[in-house]
Amino acid sequence: MKLKKVSMFPLLMLMLAIGGCSSMSGSSGKQDGGGAPVSDAGMAGAATAGAREGGSWNGNPLDDPNSLVSTRIIYFDYDSASVREDYRDVVIAHGAYLVANPTVVVTVEGHADERGSREYNIGLGERRADSVRRLMLSQGVAEHQITTVSFGEERPLVAGSDEAAWAQNRRVELLY
Amino acid sequence: MKQFLAFLLIGVMQSQAWGALTIEITEGAAGALPIAVVPFAFQGGGSGPGEDVAQVISDDLARSGRFKVLPREDMLARPSNGSDVVFRDWKVLGMENLLVGSVQPNGTGAYLIRFQLFDVFKGAQLAAFSIPTTERDLRITAHRIADIVFEKLTGQRGAFATRIAYVTAMGVAGAQQVALKIADADGYNAQTIVNSADPLMSPSWSPDGRKLAYVSFERGKPAIYVQEVFTGVRYKVAAYPGINGAPAWSPDGRRLALTLSKDGNPDIYVLDLNTKVLQRLTDHYAIDTEPAWSPDGRAIAFTSDRGGKPQIYEVQSTGGRVRRLTFEGTYNARASYSPDGKSLALVTRVGADYRIGLLNFNTGSLSILSRGHLDESPSFAPNGGVIIYATKSSGKGELAAVSVDGRVHQRLALQGGGDIREPVWSPYTDSNRRDK
Chain A
1 MKLKKVSMFP
11 LLMLMLAIGG
21 CSSMSGSSGK
31 QDGGGAPVSD
41 AGMAGAATAG
51 AREGGSWNGN
61 PLDDPNSLVS
71 TRIIYFDYDS
81 ASVREDYRDV
91 VIAHGAYLVA
101 NPTVVVTVEG
111 HADERGSREY
121 NIGLGERRAD
131 SVRRLMLSQG
141 VAEHQITTVS
151 FGEERPLVAG
161 SDEAAWAQNR
171 RVELLY
Chain F
1001 MKQFLAFLLI
1011 GVMQSQAWGA
1021 LTIEITEGAA
1031 GALPIAVVPF
1041 AFQGGGSGPG
1051 EDVAQVISDD
1061 LARSGRFKVL
1071 PREDMLARPS
1081 NGSDVVFRDW
1091 KVLGMENLLV
1101 GSVQPNGTGA
1111 YLIRFQLFDV
1121 FKGAQLAAFS
1131 IPTTERDLRI
1141 TAHRIADIVF
1151 EKLTGQRGAF
1161 ATRIAYVTAM
1171 GVAGAQQVAL
1181 KIADADGYNA
1191 QTIVNSADPL
1201 MSPSWSPDGR
1211 KLAYVSFERG
1221 KPAIYVQEVF
1231 TGVRYKVAAY
1241 PGINGAPAWS
1251 PDGRRLALTL
1261 SKDGNPDIYV
1271 LDLNTKVLQR
1281 LTDHYAIDTE
1291 PAWSPDGRAI
1301 AFTSDRGGKP
1311 QIYEVQSTGG
1321 RVRRLTFEGT
1331 YNARASYSPD
1341 GKSLALVTRV
1351 GADYRIGLLN
1361 FNTGSLSILS
1371 RGHLDESPSF
1381 APNGGVIIYA
1391 TKSSGKGELA
1401 AVSVDGRVHQ
1411 RLALQGGGDI
1421 REPVWSPYTD
1431 SNRRDK
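If you're matching them up, the sequences are chains A and F in order.
Residue numbering for the first sequence follows this note's numbering, starting at 1 and increasing by one per position.
Residue numbering for the second sequence follows this note's numbering, starting at 1001 and increasing by one per position.
Each hint should be verified, as a subset may be incorrect.
[Said to hold, decoys possible] Facing chain A, according to a computed beta carbon distance under 10 Å, are these residues of chain F, among others:
1) 1135
2) 1199
3) 1422
By construction, these hints were calculated from the structure, which means they are not laboratory data.
Small disclaimer: the values here were computed from a predicted structure and weren't measured.
Quick reminder that beta carbons are idealized off the backbone N, C-alpha and C, glycines included.
The task is simple: from the sequences and hints, build the whole structure.
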């Protein structure tokens, strides 16, 4: 998964990107500003130290764990392609991010669980990808920024033939 | 559409070690016919042929579930010629039929196989043939003999000298190895014809058994290819934006029905392979997919959720009004017509399970043939007697087969791990024709 073009954004951009989402407003800045405890200064792997001033996240919002756009998987109900209430804010945040960054493109990958026939599941995966795409388009994202592809049940996220596995495999993945 | 691209496929290779199929009967029919297949005598010098022809025939007959084959150790005599047969030896063992034969050298690497089939009770010869063959073709010749025996004794044409194509997948997502393979109908001679790190789907045989159409995601999005089975040469026939799926060959071999979503959502199209003209058959905002041709080429059945849930519909292959074929249940998909056109195999939801169903057009009744939780991809043997399908057992994809009367069940396991799925039985081909 490669990031295209974008690397640094001022706080303003971030706020613009998540402007449409009520649950997150303000919270990301605050938590960032709070600073992770740096007492174990050794090396925790995450290179988050420094680079921040005045509570701003200077990185790409896609990499900001507190931003809604860090969520790239949207889950769906059985045989359904409607974006669930609990994922609407995530999709809207991605849409806002794409509107704010018109040079960024995203691939919207639709997936299905293993039940039923394979080609029908390809159709179902496309329908899921398409409902995410349409929601983004309605926010003003340009058509050329979004490519959809359906893998049906061919690329499960987790193995297994139970509801827990199926629930994780019925999804749309956003690949920037 | 642009010109078809033709190029050689590099990945054609044999793979015997990984990917051998073994077949076992999990449930046979009561009243299987008792038959004795005597080991064929080798009438020449040297070590003889590399295959036990009689064993291949025995295994075919036993696997069909229609025959009960006498174990060799129970035989009282081992005649190789009709004149040496003492029928009492076989009557006493309860045998109804007897097959004897011999293999003779017939030039370098070549043989002549003679065999005779007898009705033990009548003491009468039912068939006698001599077939020239080669070392390389011993197995296929044995399958043809099994076909002859099967037809003489059941009245139904055999389908042992045919092949199956299927997809295998090894490894987890991200590091997956997917392959499209073909094997003899008894699981032997498995050969990989496409290898990919990305999904391969929906193989479909051309009616002459010489080409396969399939879907490959090797470029990160689906495209439909047609590949010559014996040369590995392949052509890209559809790579439109969106879905390119579910290719199905017309019975005349000149057209492919397929699913495309280039015009907004999945619909059924027919592509003329010579003229490249694409005709749209359905135009509906629902998912229309999984086209299947009727044997006479006049109709195409397909899956659609235009009524809310997936059901099977039918449209004339030249276009026109769509009519619904399935009404029972909340999920019916992936239909295929029986070779006689009188029934439709499909995937149907039964409670929480997905099973193979058979819709009889005369009675309108839908019978459930399989018993798994996640059964899919039914494909008829070319004689219409058996349906092969994909199932899951202990979390692993396997193949299974069931006779159309639901009485004989077989399991086909892949040796060496990995999933196996999407079996499609080859049609009869010219090379299946019997020489009399």
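Satisfaction of the residue 1135 (chain F) interface hint, Cβ to chain A closer than 10 Å: violated (39 Å)
For the hint on residue 1422 (chain F), just tell me whether its beta-carbon gets within less than 10 Å of chain A. Holds, about 7 Å.
Would you settle whether the hint for residue 1199 (chain F) is holds or violated, based on the nearest Cβ-Cβ distance to chain A being less than 10 Å? holds (4 Å)
Comparing the model with each numbered hint stated earlier shows that hint 1 is the single one that does not hold.
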